[in-house]
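Student: Here is how the chains run, residue by residue.
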Amino acid sequence: MSLQDERFEPRLARRRRNGKIFQAVCLSSIAFSIAMLIILLFDVAKDGAAWFSFDFITSFPSRIPDRAGVKPAILGSLWVMMLVAAISFPFGVGAAIYLEEYAPKGRVRRLIQTNIANLAGVPSIVYGILGLAIFVRFFGFGRSILAGAATLALLVLPVVIIAAQEAIRAVPSSLREAAYGVGATRWQVVRHHVLPVAMPGILTGMILSLSRAIGETAPVILVGALAFVAFTPTGPMDLFTVLPIQIFNWTARPQAEFHGLAAAGIIVLLIVLLMMNATAILLRNYYQSRRGG
Amino acid sequence: MSQTDPDLKRRAGRRVGEGLIAGLLFTCGLVSVLTTIGIVVVLVTESAGFFRQVPLVDFLTGTQWSPLYTDQQFGILPLLNGTLMIAVGAMVLALPIGLTSAIYLSEYASKRVRGIVKPLLEILAGIPTVVYGYFALVFITPVLRAVFPGAGVYNAASGAIVVGIMIIPMVASLSEDALSAVPRSLREAAYGLGATKFEVSTRVAVPAALSGIAASFILAVSRAIGETMAVTLAAGATPRMTLNFLESIQTMTAYIVQVSLGETPHGSLEYKTIFAVGLVLFLITLAMNLLSNRITTRFREAYE
Numbered sequence: 068m069s070l071q072d073e074r075f076e077p078r079l080a081r082r083r084r085n086g087k088i089f090q091a092v093c094l095s096s097i098a099f100s101i102a103m104l105i106i107l108l109f110d111v112a113k114d115g116a117a118w119f120s121f122d123f124i125t126s127f128p129s130r131i132p133d134r135a136g137v138k139p140a141i142l143g144s145l146w147v148m149m150l151v152a153a154i155s156f157p158f159g160v161g162a163a164i165y166l167e168e169y170a171p172k173g174r175v176r177r178l179i180q181t182n183i184a185n186l187a188g189v190p191s192i193v194y195g196i197l198g199l200a201i202f203v204r205f206f207g208f209g210r211s212i213l214a215g216a217a218t219l220a221l222l223v224l225p226v227v228i229i230a231a232q233e234a235i236r237a238v239p240s241s242l243r244e245a246a247y248g249v250g251a252t253r254w255q256v257v258r259h260h261v262l263p264v265a266m267p268g269i270l271t272g273m274i275l276s277l278s279r280a281i282g283e284t285a286p287v288i289l290v291g292a293l294a295f296v297a298f299t300p301t302g303p304m305d306l307f308t309v310l311p312i313q314i315f316n317w318t319a320r321p322q323a324e325f326h327g328l329a330a331a332g333i334i335v336l337l338i339v340l341l342m343m344n345a346t347a348i349l350l351r352n353y354y355q356s357r358r359g360g
Numbered sequence: 263m264s265q266t267d268p269d270l271k272r273r274a275g276r277r278v279g280e281g282l283i284a285g286l287l288f289t290c291g292l293v294s295v296l297t298t299i300g301i302v303v304v305l306v307t308e309s310a311g312f313f314r315q316v317p318l319v320d321f322l323t324g325t326q327w328s329p330l331y332t333d334q335q336f337g338i339l340p341l342l343n344g345t346l347m348i349a350v351g352a353m354v355l356a357l358p359i360g361l362t363s364a365i366y367l368s369e370y371a372s373k374r375v376r377g378i379v380k381p382l383l384e385i386l387a388g389i390p391t392v393v394y395g396y397f398a399l400v401f402i403t404p405v406l407r408a409v410f411p412g413a414g415v416y417n418a419a420s421g422a423i424v425v426g427i428m429i430i431p432m433v434a435s436l437s438e439d440a441l442s443a444v445p446r447s448l449r450e451a452a453y454g455l456g457a458t459k460f461e462v463s464t465r466v467a468v469p470a471a472l473s474g475i476a477a478s479f480i481l482a483v484s485r486a487i488g489e490t491m492a493v494t495l496a497a498g499a500t501p502r503m504t505l506n507f508l509e510s511i512q513t514m515t516a517y518i519v520q521v522s523l524g525e526t527p528h529g530s531l532e533y534k535t536i537f538a539v540g541l542v543l544f545l546i547t548l549a550m551n552l553l554s555n556r557i558t559t560r561f562r563e564a565y566e
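Those protein sequences? They're chains A and B, same order as listed.
The first sequence begins at 68 in this note's numbering and counts up one residue at a time.
The second sequence begins at 263 in this note's numbering and counts up one residue at a time.
Just so you know, not all the hints are guaranteed correct.
Claimed, not checked - What follows is a list of derived Cβ distance ranges for each label pair: (1) B:SER530 <-> A:ILE124: 37 to 43 Å; (2) B:VAL303 <-> A:SER95: 57 to 63 Å; (3) B:ALA408 <-> A:ILE88: 43 to 49 Å; (4) A:GLY302 <-> B:PRO527: 25 to 31 Å; (5) A:ASN352 <-> B:PRO358: 34 to 40 Å; (6) B:LEU296 <-> A:GLY173: 16 to 22 Å; (7) B:GLY285 <-> A:ASP122: 50 to 56 Å; (8) B:PRO358 <-> A:GLY207: 45 to 51 Å; (9) B:SER328 <-> A:ARG82: 55 to 61 Å; (10) A:PHE295 <-> B:THR559: 47 to 53 Å; (11) B:GLY285 <-> A:LEU306: 34 to 40 Å.
Calculated from the structure, these hints are not laboratory results.
By construction, the Cβ of each residue, glycine as well, lies at the ideal position given by its N, Cα and C atoms.
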């Protein structure tokens, strides 16, 4: 017995040691990702701080780095964001309501659902090719804000639909049954009972989709957003640029000054994204506390 | 209000409206199907024009890609080669780091650590790809060139590393989902037999979650293949048959961006190349996504 123990104990110690080493390896993997995030943010802040100013936000781009700014890019991004929301919200929520509340379980529903899952995995640049052929050429929108927004709306649609479906699915069925019980029609149940309860979840998903749309570059390049825009867009049919493209353009130049501008542009983009995510979180908390009370 | 309305005519009208609404909602659902059809139709019809001028065999087997030069060559292999280099390089980084991160989060981390680490990984996943491109060019490339003096300003290694960093959160979170889905009873049985935590993690939890982990790897490869901006900025625009990671290369996605940025006349052969390359890209990523879906479905059947 004691002989067996002697043979066994050293191996247990080794096994435990291996476990410790493995745990350290796993922990350092996580540390690597976090370190990369910190280095990235630090690098951007260090390079961009000198160029980031009030003038930078309110100026037009320029060949002279000291005078360059991101005003048209910010306005372009805001226009695109509003139009993407206006297009993807009704279609996305409509599709989610159809799939969750209307569609009979069967082939059509399965087809649409599989299709949405596959669309979510299509590279964004392929959406750009689609937008170029359909919106820019076929519908004749040209290189306009509308063409860019329509393309990005299709890109985020799967995300909007999936988020809205989850929110609708989370609505307790007792609520629906009570409404049906007093004679409400299917649409009345959806409109007055399901949607209000699901709305915070839907809106959160919508904001997160918009923050994805606003960071996209490749599809917007495909539909022809310009790198150099020296005017402010005034309508959906105007030529435009967006923040990521302005950042791309400055990054692609060899001069260090333009890299500084790119970093300042990234600061603006990250602040916008941060604000959107904070809004999503606040919205969720607000509705949750209201429902709880 | 209206359900107490005894007016039958109005209720009949309500039913007509119901049908209309159902139709509208169905149309919304149809948009996603139309998007897929649109992608396929656009890619196929526009590529058909391209393949009338360039034989499919030359396109698939040619080792030179120079549509934008006077000596036009349309062999896609250099672009495929570049794309694969980025995907393989990214996976060499993201696969071990993503998986070990997932194991840590699912098997070792306390609730508090998870609460801190998971949002950080989400931030990493939410950073726009153009920002990663900037990071590659101003941070990763200079570091690489200091270590390997032979590396160019644009090189495949920088692109592969930055894409790898980008997809770590995806591998980590999907693999962690797979690991968390492994029933507790399996782990407890192993502990009962005297296994250490390390043995439970690597010999019970990981093998049991293997299909889910494999699915996450395939999705990550698909994402790396479709990644555009970071690669365009970091890896360059030189399509070539090389395996040297210190050289400049070009991926399929970067080529499409290059054509879009230039002044290629609509309808020309050069213009049509983006649809042919786009079709290849779409087919590759679609095949990988379908494969990943199939693996996940099988996995679900095993434990539910």
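Student: Evaluate each hint against the coordinates.
Tutor: Here is how each hint holds up against the structure:
no.	hint	result
1	B:SER530 <-> A:ILE124: 37 to 43 Å	holds, 40 Å
2	B:VAL303 <-> A:SER95: 57 to 63 Å	violated, 49 Å
3	B:ALA408 <-> A:ILE88: 43 to 49 Å	violated, 30 Å
4	A:GLY302 <-> B:PRO527: 25 to 31 Å	holds, 28 Å
5	A:ASN352 <-> B:PRO358: 34 to 40 Å	holds, 37 Å
6	B:LEU296 <-> A:GLY173: 16 to 22 Å	holds, 20 Å
7	B:GLY285 <-> A:ASP122: 50 to 56 Å	holds, 53 Å
8	B:PRO358 <-> A:GLY207: 45 to 51 Å	holds, 50 Å
9	B:SER328 <-> A:ARG82: 55 to 61 Å	holds, 58 Å
10	A:PHE295 <-> B:THR559: 47 to 53 Å	holds, 49 Å
11	B:GLY285 <-> A:LEU306: 34 to 40 Å	holds, 37 Å
The earlier numbered hints that this structure contradicts are 2, 3.
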